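Asker: The listed protein sequences correspond, in order, to chains A and B.
For what it's worth, our numbering labels the leading residue of the first sequence as 1, then goes sequentially.
For what it's worth, our numbering labels the leading residue of the second sequence as 1001, then goes sequentially.
Just so you know, these hints were derived from the structure itself, not from any lab.
Note that the coordinates shown come from a computational prediction; the quantities given were computed from them, not determined experimentally.
Quick reminder that beta carbons are idealized off the backbone N, C-alpha and C, glycines included.
Be aware that one or more of the hints could be misleading.
Stated by the list, open to error - Sample of chain A residues facing chain B (criterion: CB under 10 angstroms; computed from the structure):
1. T14
2. A15
3. R16
4. P18
5. S19
6. N29
7. F32
8. A34
9. L38
10. Q39
11. S43
12. V47
13. E57
14. K62
15. F124
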Amino acid sequence: MDDELRREFTEFVTARTPSLLRLAYVLTNDQFAAEDLLQNALSRSAVRWRHIRQSPEAYVRKAMYHEQISRWRSPRWGRESVQAGLPEATGADPAGEVDLKLAVSHALRLLTPHQRAVVVLRYFEDLPEAEVARVLGCGVGTVRSQNARALARLRAAGPTLAALLEEQLPDQVRGRR
Amino acid sequence: MTDLLSRTLQQLADEAEAAPHLGPRLAETALHRAVRVRRRRVAAGGTGLITAGIAVALAATWSGPDGTTAAPRHRTPMSRFTSLPANSPAQLAFIRACLTRDPTIMIGSNGAFGSGRPGTRVADFRILATSEPDALGRTVWVGSTVAHLPCYQDKRGRPGPFKQSLTAHAWNVELPLSNFPNNVSTDNQEGFDPGTPSKAWEMHLAGRTAPGVTRITFTARGKTLSADVTDHFFIVRRAGYGRFPKPTQPFITTTTRLYDHGHLLASFPFTVGAMLFSN
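Please construct the entire structure, taking both the sequences and the accompanying hints into account.
Answerer: In structure tokens, the structure reads:
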């Protein structure tokens, strides 16, 4: 890679790291794992920079999704164990926001990486199902089923979350059950 | 619920901390890795030839007339190396969590090596090999160009559950070649005996192989221990609760096998500390 391309790549990474790291963090729930995930995606991107430099961000984001899913497939990846209940009960706070965030955050850990990727693409990146399917390289039907399973798993995550959901958005939650 | 999810995911993303220097550091590492990938791709142009060459060389080196063992004709400089694998940000964070200060470097039993020199500081240490995870976590072998030591990681990925030593052993470059039969060296073999059956114990064997080996197995007393080999380095471990399995003899001869992606390269008798195979 010549100096011009190197400078271009470094400028892109420097400018977009905060945004890309947010996505990596939502996918991994861990600062170090997020940096690792982003680093690997950027390393792939650097190899193909000449070809992707017109629209690099989409490539990096897609690489992160795929890396996260395939990392989970690897037998060496320390998988989190799925538990029936939340790890610990959250204390009450006046607005319920902190409780809610913690409860949803814990519940998200119960999802498989594929389900989590679908949830992040749908509700964090706000992409339509067809676009989610394109990014993940699967069918729209798969996206729908993974999304439905993910939401069901979140709802069933535990009494704390269920109660908080009822408390926060009773109409939406009840209307979808 | 979907609005709730969107809002919560945004809040979760806000927890990500992008330090000011992170972007340039990520870019630099990515560019460095890209250069290595390109070099590998260029080298892969003659993959068949290289593979065949390695196979012939290994056969010449490791296989004797009986197909089990022979003195190697050509030895690689096992006890020294010019570079170590690079740490990812997460690996560097792990090393910093494990080594809370610069370790004391021991040369054999002759005392400490001067501190502050290159290769003695925390930032100089790299992750060399990681054992297969078990119920108690895993042992991570870390090292610099000067010394090495084991770090412990519990099943949640945090330092522990064993007490971490901050004494590293200098690479023993003065060992006689007879201690490196078949281009396999055992550099670190020790155990952690808590002294009480109610606490966890650990034992491991860490070492190096010649290039071209991706897996190594040790078999003795009907038990096989195996490890992936990454950049020459490997580590196998046993850990558990209860009585520390002390061996009745100090050493045991194992059947050691070297593989390259499932292809057996060599099989030979190899003597290691017996505790890994004791009951």
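Asker: Next step is simple, just say for each hint if it's right about the structure.
Answerer: Hint check:
1. T14: At 4 angstroms from the nearest chain B Cβ, T14(A) passes the 10 angstroms test, so the hint holds.
2. A15: This interface hint holds because 7 angstroms falls under the 10 angstroms limit.
3. R16: 8 angstroms, holds
4. P18: Holds: closest Cβ of chain B sits about 4 angstroms from P18(A), inside 10 angstroms.
5. S19: Since chain B brings a Cβ to about 9 angstroms from S19(A), closer than 10 angstroms, the hint holds.
6. N29: This interface hint holds because 7 angstroms falls under the 10 angstroms limit.
7. F32: 4 angstroms, holds
8. A34: 6 angstroms, holds
9. L38: 6 angstroms, holds
10. Q39: Holds, because the Cβ-Cβ distance from Q39(A) to chain B comes to roughly 6 angstroms (cut-off 10 angstroms).
11. S43: This hint holds: S43(A) lies near chain B, its Cβ roughly 4 angstroms from the closest one there, short of 10 angstroms.
12. V47: Where the cut-off is 10 angstroms and the nearest Cβ of chain B is about 5 angstroms from V47(A), the hint holds.
13. E57: 14 angstroms, violated
14. K62: Given a least distance of 16 angstroms, the restraint on K62(A) is violated.
15. F124: Since the shortest Cβ distance to chain B is 4 angstroms, the answer is holds.
In terms of the numbered hints stated before, the structure departs from hints 13 and 14, listed from lowest to highest.
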